[in-house]
Amino acid sequence: MDYSEKVMDHFENPRNQGKIEDADGIGEEGNPTCGDIMKIYIKVSDNIIEDVKFQTFGCGAAVASSSMATELIKGKTLEEAWELSNKAVVEALEGLPPQKVHCSVLAEDAIHKAINDYRIKQGLSPWEEKEGKEHHH
Amino acid sequence: MDNAATTPVRPEVLDAMIPFMTHSFGNPSSLYDIAKISREAVAKARSQVAAALGAQPKEIYFTSGGTESDNWAIKGVCFANKNKGKHIITSPIEHHAVSHTCEWLEKQGFEVTYIPVDKYGLVNPDDVSAAIRDDTILITIMFANNEIGTIEPIAEIGKIARERGILFHTDAVQAVGHVPIDVVSMNIDMLSLSGHKFNGPKGTGALYIGKRVKLVPLMHGGDQERKRRAGTENVPGIVGLGLALELSVSEMKETTEHLKELRNRLIDGLLKVPKSHLNGHPQMRLSNNVNVIFEYIEGESILLMLNRKGIAASTGSACNSSSLEPSHVLTACGLPQEIVHGSLRLTIGDMTEEGDVDYLLEVVPEIVQKLRNMSPLTPQELRTT
Amino acid sequence: MDNAATTPVRPEVLDAMIPFMTHSFGNPSSLYDIAKISREAVAKARSQVAAALGAQPKEIYFTSGGTESDNWAIKGVCFANKNKGKHIITSPIEHHAVSHTCEWLEKQGFEVTYIPVDKYGLVNPDDVSAAIRDDTILITIMFANNEIGTIEPIAEIGKIARERGILFHTDAVQAVGHVPIDVVSMNIDMLSLSGHKFNGPKGTGALYIGKRVKLVPLMHGGDQERKRRAGTENVPGIVGLGLALELSVSEMKETTEHLKELRNRLIDGLLKVPKSHLNGHPQMRLSNNVNVIFEYIEGESILLMLNRKGIAASTGSACNSSSLEPSHVLTACGLPQEIVHGSLRLTIGDMTEEGDVDYLLEVVPEIVQKLRNMSPLTPQELRTT
Ligand SMILES: Cc1ncc(COP(=O)(O)O)c(C=O)c1O
Ligand SMILES: Cc1ncc(COP(=O)(O)O)c(C=O)c1O
Ligand code: FES
Ligand code: FES
Numbered sequence: 001m002d003y004s005e006k007v008m009d010h011f012e013n014p015r016n017q018g019k020i021e022d023a024d025g026i027g028e029e030g031n032p033t034c035g036d037i038m039k040i041y042i043k044v045s046d047n048i049i050e051d052v053k054f055q056t057f058g059c060g061a062a063v064a065s066s067s068m069a070t071e072l073i074k075g076k077t078l079e080e081a082w083e084l085s086n087k088a089v090v091e092a093l094e095g096l097p098p099q100k101v102h103c104s105v106l107a108e109d110a111i112h113k114a115i116n117d118y119r120i121k122q123g124l125s126p127w128e129e130k131e132g133k134e135h136h137h
Numbered sequence: 001m002d003n004a005a006t007t008p009v010r011p012e013v014l015d016a017m018i019p020f021m022t023h024s025f026g027n028p029s030s031l032y033d034i035a036k037i038s039r040e041a042v043a044k045a046r047s048q049v050a051a052a053l054g055a056q057p058k059e060i061y062f063t064s065g066g067t068e069s070d071n072w073a074i075k076g077v078c079f080a081n082k083n084k085g086k087h088i089i090t091s092p093i094e095h096h097a098v099s100h101t102c103e104w105l106e107k108q109g110f111e112v113t114y115i116p117v118d119k120y121g122l123v124n125p126d127d128v129s130a131a132i133r134d135d136t137i138l139i140t141i142m143f144a145n146n147e148i149g150t151i152e153p154i155a156e157i158g159k160i161a162r163e164r165g166i167l168f169h170t171d172a173v174q175a176v177g178h179v180p181i182d183v184v185s186m187n188i189d190m191l192s193l194s195g196h197k198f199n200g201p202k203g204t205g206a207l208y209i210g211k212r213v214k215l216v217p218l219m220h221g222g223d224q225e226r227k228r229r230a231g232t233e234n235v236p237g238i239v240g241l242g243l244a245l246e247l248s249v250s251e252m253k254e255t256t257e258h259l260k261e262l263r264n265r266l267i268d269g270l271l272k273v274p275k276s277h278l279n280g281h282p283q284m285r286l287s288n289n290v291n292v293i294f295e296y297i298e299g300e301s302i303l304l305m306l307n308r309k310g311i312a313a314s315t316g317s318a319c320n321s322s323s324l325e326p327s328h329v330l331t332a333c334g335l336p337q338e339i340v341h342g343s344l345r346l347t348i349g350d351m352t353e354e355g356d357v358d359y360l361l362e363v364v365p366e367i368v369q370k371l372r373n374m375s376p377l378t379p380q381e382l383r384t385t
Numbered sequence: 001m002d003n004a005a006t007t008p009v010r011p012e013v014l015d016a017m018i019p020f021m022t023h024s025f026g027n028p029s030s031l032y033d034i035a036k037i038s039r040e041a042v043a044k045a046r047s048q049v050a051a052a053l054g055a056q057p058k059e060i061y062f063t064s065g066g067t068e069s070d071n072w073a074i075k076g077v078c079f080a081n082k083n084k085g086k087h088i089i090t091s092p093i094e095h096h097a098v099s100h101t102c103e104w105l106e107k108q109g110f111e112v113t114y115i116p117v118d119k120y121g122l123v124n125p126d127d128v129s130a131a132i133r134d135d136t137i138l139i140t141i142m143f144a145n146n147e148i149g150t151i152e153p154i155a156e157i158g159k160i161a162r163e164r165g166i167l168f169h170t171d172a173v174q175a176v177g178h179v180p181i182d183v184v185s186m187n188i189d190m191l192s193l194s195g196h197k198f199n200g201p202k203g204t205g206a207l208y209i210g211k212r213v214k215l216v217p218l219m220h221g222g223d224q225e226r227k228r229r230a231g232t233e234n235v236p237g238i239v240g241l242g243l244a245l246e247l248s249v250s251e252m253k254e255t256t257e258h259l260k261e262l263r264n265r266l267i268d269g270l271l272k273v274p275k276s277h278l279n280g281h282p283q284m285r286l287s288n289n290v291n292v293i294f295e296y297i298e299g300e301s302i303l304l305m306l307n308r309k310g311i312a313a314s315t316g317s318a319c320n321s322s323s324l325e326p327s328h329v330l331t332a333c334g335l336p337q338e339i340v341h342g343s344l345r346l347t348i349g350d351m352t353e354e355g356d357v358d359y360l361l362e363v364v365p366e367i368v369q370k371l372r373n374m375s376p377l378t379p380q381e382l383r384t385t
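Residue numbers (UniProt numbering), protein chains in the order written: chain A, 1 to 137; chain B, 1 to 385; chain C, 1 to 385.
Treat the hints as calculated values from the structure; they're not laboratory data. Just to be clear, a hint being listed does not mean it is correct.
[Stated by the list, open to error] In the DMTMM-like style, the derived pairs of lysine to aspartate or glutamate whose C-alpha atoms are separated by at most 20 Å in a straight line are:
#: 1; chain 1: A; residue 1: K6; chain 2: A; residue 2: E29
#: 2; chain 1: B; residue 1: K214; chain 2: C; residue 2: E103
#: 3; chain 1: C; residue 1: K370; chain 2: C; residue 2: E354
#: 4; chain 1: C; residue 1: K227; chain 2: B; residue 2: E325
#: 5; chain 1: A; residue 1: K113; chain 2: A; residue 2: E94
#: 6; chain 1: C; residue 1: K58; chain 2: A; residue 2: E12
#: 7; chain 1: B; residue 1: K253; chain 2: B; residue 2: D182
#: 8; chain 1: B; residue 1: K309; chain 2: A; residue 2: D117
#: 9; chain 1: C; residue 1: K214; chain 2: B; residue 2: E381
#: 10; chain 1: B; residue 1: K309; chain 2: A; residue 2: D9
#: 11; chain 1: B; residue 1: K370; chain 2: A; residue 2: E12
#: 12; chain 1: B; residue 1: K227; chain 2: C; residue 2: E381
#: 13; chain 1: A; residue 1: K76; chain 2: A; residue 2: E12
#: 14; chain 1: C; residue 1: K86; chain 2: C; residue 2: E106
#: 15; chain 1: A; residue 1: K130; chain 2: A; residue 2: E28
#: 16; chain 1: B; residue 1: K36; chain 2: C; residue 2: E381
#: 17; chain 1: C; residue 1: K227; chain 2: B; residue 2: D182
#: 18; chain 1: C; residue 1: K44; chain 2: A; residue 2: D2
#: 19; chain 1: B; residue 1: K159; chain 2: B; residue 2: D135
#: 20; chain 1: B; residue 1: K82; chain 2: C; residue 2: E106
#: 21; chain 1: A; residue 1: K19; chain 2: B; residue 2: D135
[Stated by the list, open to error] Here's a subset of chain B near chain A, in silico, CB distances under 10 Å, partners left out:
#: 22; residue: I34
#: 23; residue: S38
#: 24; residue: L271
#: 25; residue: I293
#: 26; residue: Y296
#: 27; residue: R308
#: 28; residue: E325
#: 29; residue: E338
#: 30; residue: V340
#: 31; residue: P365
#: 32; residue: Q369
#: 33; residue: P376
#: 34; residue: T378
Treat the numbers as computed from the prediction; the structure is a model and nothing was measured. Beta carbons are placed, not taken as given, at the ideal position from N, Cα and C, and that holds for glycine.
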């Protein structure tokens, strides 16, 4: 598999890997085709993502995408985190092989689920996925 | 540790090939002599391959590899015998060179029965016998599986096929040069092999075709190979294949003993990892093949980490296949979807040393632990962080 | 002087291949690196071949030789388009890799029209146009003929095929590396080439497949070559083919001039023998090809005598073919049976020197005279004893 050095770095030294025991929101997303599962934990205060951790069962691209995505949303507002696209993750990773782009979508979806999990727990209505968003399953 | 994928050409084999590439055989040699030297070298290679299989030289046809041999054997018999019948029997764990060929033939109107395998990947000869129909024209079952290393009961299947008068092909790409083979006593009608699996050159292969077999060419054209396989002979490749096979067979006993010892140490060591399982048959397996499953983790990740440590390996994980589907072999052995993704195949060769095994047994458990710590599926008691 | 049959691998090409045979790329290189180096080398070779043809790299597919490329192109298109039509247009002077493939397809229910050629072996594009039917799915006409060297009006035929929306394949095995080719301006949809015809390795070839072509694989199996041609890549062979082609193309202008000079001297000299004739077109011919007929004598005898003098050559004589039939190419050019047997093909290469030509022009007339003295057909005035 032809991964960029950036991907390999995030794969070998994943940032924010682990679990937040008292998470405010948890999102889990799986790809039924390749069997992979990604879990995102967020800790929120004042609408800001104070801490984020991930657990991933998946390929190199899935692990690297999780790691990069968590880095990109840490310290951001929920709105900013919601706007993070898989495309931005791929770019930050200096590209992914074409058949591995779907792995980065997993990260975007898991973050959305974590944010909505938080919103529901707060008694807020969940945000809706954008129309026409790339669908990958 | 990916010797089942491909092996480098042995130095003595390369030396034998080079004069046929450059056409320089030292002096004195006219151009006329070159043709003669080439012809004799091809004849010698044909004898070497025949000897390795217990066949006659005129039953050996050179091809461009295992894939061509498989395609030719199966399509060749089907197109030649379609007036006799349309039914093929095979297994669900064949290499894609066989399985995709069968699938294409289904689209052309042939019918295929897939004999199920047990959890070790073994075909039961009684099942083959029961699947034979009046219109069965071919049985194709692989000699040894490339992923899990299981060796099939070829002699038993051959006996049934011969008794029932049905042609029997075996894809022996993983077995030739590694396991004793005798096409006569095993009642094999056609057998595929590939040069680069036993330290011969890539892009070379052969098909053994027994005398009673009727099949059409896959390569139409010139009169080469007794008019059955057209195309300018790849003389250096053929010379290399013949010598590499002769050397492999002459060293087989010794190599096998050495590999079995290393293989068993590897298997024992890897199975010490909790929640790990061996794939394939514990005894009826290739001496170079180790295939284990580690629960809760994904195969491509293991490969990447191993690669970083200088070790090549292979996996049946969906993430590592271009189709994003898990190994059809492991699935056919009945492994549940949750764990099929964590498979790791290590295949050793004569270059593998004890130190390599020690190193592997040191790094694999560390990698497995690291990935398990990362995985959302891992139960708490198996985590270290 | 049989360079159209096969050529040796150039030293620099061999040097480029060897690391990929032995998998030794110097230090430091992990097994992981080897896979990467191989992948990049194959990509480079694909670009080299694409550049030589004016194609895109992703339109180049590596095969085991010209025969496979021809079989794949023709069978692949026919099986993929059989619901659209069953009609193929070709010429009567194709290499057997094309003609025998077409004959086999006739047995499978396809219909083939053979466009006649003129006495020079030229196909008339108007005849191609007139032969097109509603159910025509493929036109396959060779770029340059391997026996008589005639170069066909490929651009004209390509234009017609494109206008009528019919796929056009050309067997360019004798042309690639020797004649400028541009698949885009010539409207070629598929093109076959073979490595050992331009000092690349035997057992290697390629098929150019334009984007609009739908065809089924000839080799089913693994996912190699964008899932269209299965089989472990012959990496050393591919590397060698790519480099050899790049070198041939870069030297083409110079080589061609040199060869044309030698060729014309050879032709002029040989035609001084009484009752001799040139086969093929005087101008539209490969710069390496000489093909002459000597009346009253038989080709295999000429070959044997030349071989004794260290010269390899080729003939269209029936006695020299395993079918005992005279060349279908010379017959299609309308040569009467009595003289078709006396043909001699000499094909020169960059290794051919002026001295070789002189030597040939010395020995051939002697041999012809010796055989004519022996032949019952020779008229008295041509005898010397
Ligand atoms: C069992 C089996 N059959 C067929 C093949 C195809 O051989 P090749 O890739 O040399 O064409 C392979 C190897 O890839 C194999 O392991
Ligand atoms: C015109 C032509 N087509 C096809 C072929 C077949 O090529 P190969 O023998 O490399 O398969 C040849 C050479 O033998 C040829 O001259
Ligand atoms: S998560 Fe399975 S392919 Fe990446
Ligand atoms: S006379 Fe012997 S083959 Fe023609």
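Against the structure, the hints come out as follows:
no., hint, in the structure
1, A:K6 / A:E29, "violated, 24 Å"
2, B:K214 / C:E103, "holds, 18 Å"
3, C:K370 / C:E354, "violated, 25 Å"
4, C:K227 / B:E325, "holds, 15 Å"
5, A:K113 / A:E94, "violated, 25 Å"
6, C:K58 / A:E12, "violated, 33 Å"
7, B:K253 / B:D182, "holds, 15 Å"
8, B:K309 / A:D117, "violated, 40 Å"
9, C:K214 / B:E381, "violated, 55 Å"
10, B:K309 / A:D9, "holds, 14 Å"
11, B:K370 / A:E12, "holds, 10 Å"
12, B:K227 / C:E381, "violated, 43 Å"
13, A:K76 / A:E12, "violated, 25 Å"
14, C:K86 / C:E106, "holds, 9 Å"
15, A:K130 / A:E28, "holds, 19 Å"
16, B:K36 / C:E381, "violated, 38 Å"
17, C:K227 / B:D182, "violated, 34 Å"
18, C:K44 / A:D2, "holds, 16 Å"
19, B:K159 / B:D135, "holds, 19 Å"
20, B:K82 / C:E106, "holds, 16 Å"
21, A:K19 / B:D135, "violated, 60 Å"
22, I34, "violated, 43 Å"
23, S38, "violated, 40 Å"
24, L271, "violated, 22 Å"
25, I293, "violated, 13 Å"
26, Y296, "holds, 7 Å"
27, R308, "holds, 7 Å"
28, E325, "holds, 7 Å"
29, E338, "holds, 7 Å"
30, V340, "holds, 8 Å"
31, P365, "violated, 17 Å"
32, Q369, "violated, 13 Å"
33, P376, "holds, 4 Å"
34, T378, "holds, 8 Å"
Comparing the model with each numbered hint stated earlier shows that hints 1, 3, 5, 6, 8, 9, 12, 13, 16, 17, 21, 22, 23, 24, 25, 31, 32 do not hold.
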